[in-house]
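2 protein chains.
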Amino acid sequence: MINVIGIGPNRENITLSALEALKNADVVIGYKKYIESVEDLLEGKKIIKKGMGDEIARGELAISKSFEGKNVALISSGDPGVFGMANLMFQLIGKYDDIEINVYPGVSAVNYSASLLGAPLHDFCAISLSDILTPIGEIEKKIEYAAKANFIIVIYNPISKTRKEPFRKFKKILLEVKGSDTLIGIVDSSQKSVKTKIVTLDKLDEDEINMSTTLIVGNSLSYVENDYLITSRGYVVKSSIHPLANEFYNNYLNGETATGSNKDCEYYPCHNDLQCCDFCFCPFYPCGDSSTGGKWIKSKKVWSCEDCSWIHEKSTVKCIKNSLKDILKEVDDLKSNKKELLKLRRACILK
Amino acid sequence: MINVIGIGPNRENITLSALEALKNADVVIGYKKYIESVEDLLEGKKIIKKGMGDEIARGELAISKSFEGKNVALISSGDPGVFGMANLMFQLIGKYDDIEINVYPGVSAVNYSASLLGAPLHDFCAISLSDILTPIGEIEKKIEYAAKANFIIVIYNPISKTRKEPFRKFKKILLEVKGSDTLIGIVDSSQKSVKTKIVTLDKLDEDEINMSTTLIVGNSLSYVENDYLITSRGYVVKSSIHPLANEFYNNYLNGETATGSNKDCEYYPCHNDLQCCDFCFCPFYPCGDSSTGGKWIKSKKVWSCEDCSWIHEKSTVKCIKNSLKDILKEVDDLKSNKKELLKLRRACILK
Chain A
1 MINVIGIGPN
11 RENITLSALE
21 ALKNADVVIG
31 YKKYIESVED
41 LLEGKKIIKK
51 GMGDEIARGE
61 LAISKSFEGK
71 NVALISSGDP
81 GVFGMANLMF
91 QLIGKYDDIE
101 INVYPGVSAV
111 NYSASLLGAP
121 LHDFCAISLS
131 DILTPIGEIE
141 KKIEYAAKAN
151 FIIVIYNPIS
161 KTRKEPFRKF
171 KKILLEVKGS
181 DTLIGIVDSS
191 QKSVKTKIVT
201 LDKLDEDEIN
211 MSTTLIVGNS
221 LSYVENDYLI
231 TSRGYVVKSS
241 IHPLANEFYN
251 NYLNGETATG
261 SNKDCEYYPC
271 HNDLQCCDFC
281 FCPFYPCGDS
291 STGGKWIKSK
301 KVWSCEDCSW
311 IHEKSTVKCI
321 KNSLKDILKE
331 VDDLKSNKKE
341 LLKLRRACIL
351 K
Chain B
1 MINVIGIGPN
11 RENITLSALE
21 ALKNADVVIG
31 YKKYIESVED
41 LLEGKKIIKK
51 GMGDEIARGE
61 LAISKSFEGK
71 NVALISSGDP
81 GVFGMANLMF
91 QLIGKYDDIE
101 INVYPGVSAV
111 NYSASLLGAP
121 LHDFCAISLS
131 DILTPIGEIE
141 KKIEYAAKAN
151 FIIVIYNPIS
161 KTRKEPFRKF
171 KKILLEVKGS
181 DTLIGIVDSS
191 QKSVKTKIVT
201 LDKLDEDEIN
211 MSTTLIVGNS
221 LSYVENDYLI
231 TSRGYVVKSS
241 IHPLANEFYN
251 NYLNGETATG
261 SNKDCEYYPC
271 HNDLQCCDFC
281 FCPFYPCGDS
291 STGGKWIKSK
301 KVWSCEDCSW
311 IHEKSTVKCI
321 KNSLKDILKE
331 VDDLKSNKKE
341 LLKLRRACIL
351 K
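So the protein sequences, as listed, match chains A and B. Residue 41 in my numbering sits at position 41 of the first sequence; the count goes up by one each step and never skips. Residue 222 in my numbering sits at position 222 of the second sequence; the count goes up by one each step and never skips.
Chain A with its partners taken away, still in its complex shape (with noise of 0.2 Å):
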């Protein structure tokens, strides 16, 4: 029999199962490095180290120790079917009868990463830049419809020492489709205390990337606070309807409101960049979305709206202008239908 172990990132975080899969086992075949972070449990077993890139050897060997009728464990670092060896297991197997071979899972490099960054994930591509034996072309078009879709995108074995182009295409492709000031979280667990870093795209430096990194990048909604990476994913802000909103939006859906830029305003520019009063109060308000400049004030409990200028900007009026008529046909709907609110919101964004 033979266990394909997901151990994964570390010691501390091997589940249960693989642990229990572990002390079963007769013979335990693995990379030297990740052999040696679980040296401890292995003691009266077989060990069989071996070099890095020797994947087929590794399977071809444990599958002859299999027929031996030792009960195998070949670990696997993070989770075996996330670019590790599971595929690989399966399709030698394919050249013998009767292998019983289980798979057990592990906390992969992109969850281990979220955690140490934050909150960054939403829906989100797992993409590996090694290009050994997989297209650059294929490589490239993945990120770019990855890119273009707003995913979250997870780079695995983003580089090697002989292997930087991938890198610099994804770079390359990352600046034209998404643009420079795109968020990237960097996981660096080369050494033994692991690295986090958070940069904008333009700083994102080959230098600083190697084997052992992974990356996170942002999409549209990602932000960062008190030095975390954090996806907004929307929820709903338990708020009331202030007053003057309440006025505004009466008068609104009488047909009562400016359009375009209200000059006559006594607080005309109350924004930066104002270009339109359409909105004077924001519909959405609170969104709790800090991706477009808003923010909690703290000491009064208060989403600010002070650096956000978005709602005032020509594009998104008429985005919303499109769909609004359909959500809220009377003030209450601010309050009642503000998850339909939130949508529309994060559509207009998007756009």
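A hint or two may mislead.
[What the hints assert, rightly or not] Derived lysine-lysine pairs resembling DSS-like cross-links, with alpha carbons at most 25 Å apart:
no., chain 1, residue 1, chain 2, residue 2
1, B, K300, A, K70
2, B, K300, A, K141
3, A, K161, B, K339
[As the list claims (entries may be wrong)] Label pairs and their calculated CB-CB ranges:
no., chain 1, residue 1, chain 2, residue 2, range
4, A, S240, B, Y96, 18 to 28 Å
5, A, D26, B, S212, 20 to 30 Å
6, A, D98, B, L253, 52 to 62 Å
No lab work stands behind these hints: they were computed from the structure. We put the beta carbon where it would ideally sit given N, CA and C, even for glycine.
Got chain A; can you put chain B on it based on the hints?
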């Protein structure tokens, strides 16, 4: 302090870190079903079980208990970073000063489901079909782009009793972009014993899908063998060059082999639907990839191409001839340049 703890897909797949964090907690908060799965570990702790969909209340409660000086464990199933409690918590604590928060990653549904199905993953996208706070247009675009870029697609939250439309759209888009023979792995965790099934897209039945189902959609290199869903990642099968292949490629490199269908050959047609004999012997032999129909003859340990006619299709020949001259300059390159050959093969399959 608030610890957002991923307990994985089930009790056996919890990590040591998560266990330790649970042990150190004063108060444990979570959705009823998740708490119950680890309740025996929680003796002596204050346990607060909440209903489904009550995420904000759970998060606010964790914050208030933390302000009381408690060490709070907030439980998430799977990985809290993947459609779990992490994003929400980071958004919620933006309102307050000085809350210490840690995320404990877990084995997510993608890793667990993949391990039960075999080895279906390569570059993949994870998409939630919940349109409660995400516009359906955004979800549709992500499915479309993920399908067009040939990602493995992992679907979270595919359906609920009142939310079936996103699933129907998902199926429709896949049919249009990928075709009815696309392989889909289904992992249903709604019962105590988890059920898996592999179907083609045209057999994907809405009535077999529920809130606790994870779907894994294969790519162009996925295949089924012994009830496992496997995605070829390519590897180099050890082999020697057959004397007849040696002779053929000597002639090929001298421009002395046939193009198109060679009806004068005594073996014609040696394959069903034979269009082109340009590569009488496949330059990629043995590819070890069952996704185009090849397989091992187990008794002889020989790779059989009997059921693969891909190399004899017009479009294949055209794609390969474009690039082969740069990779195959002498017959020995069939062995020494095998990685580049397998990349060319992959590029032409995905074209």
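Hints violated by the structure (listed by number, smallest first) = Hints 2, 5, 6 contradicted; others consistent.
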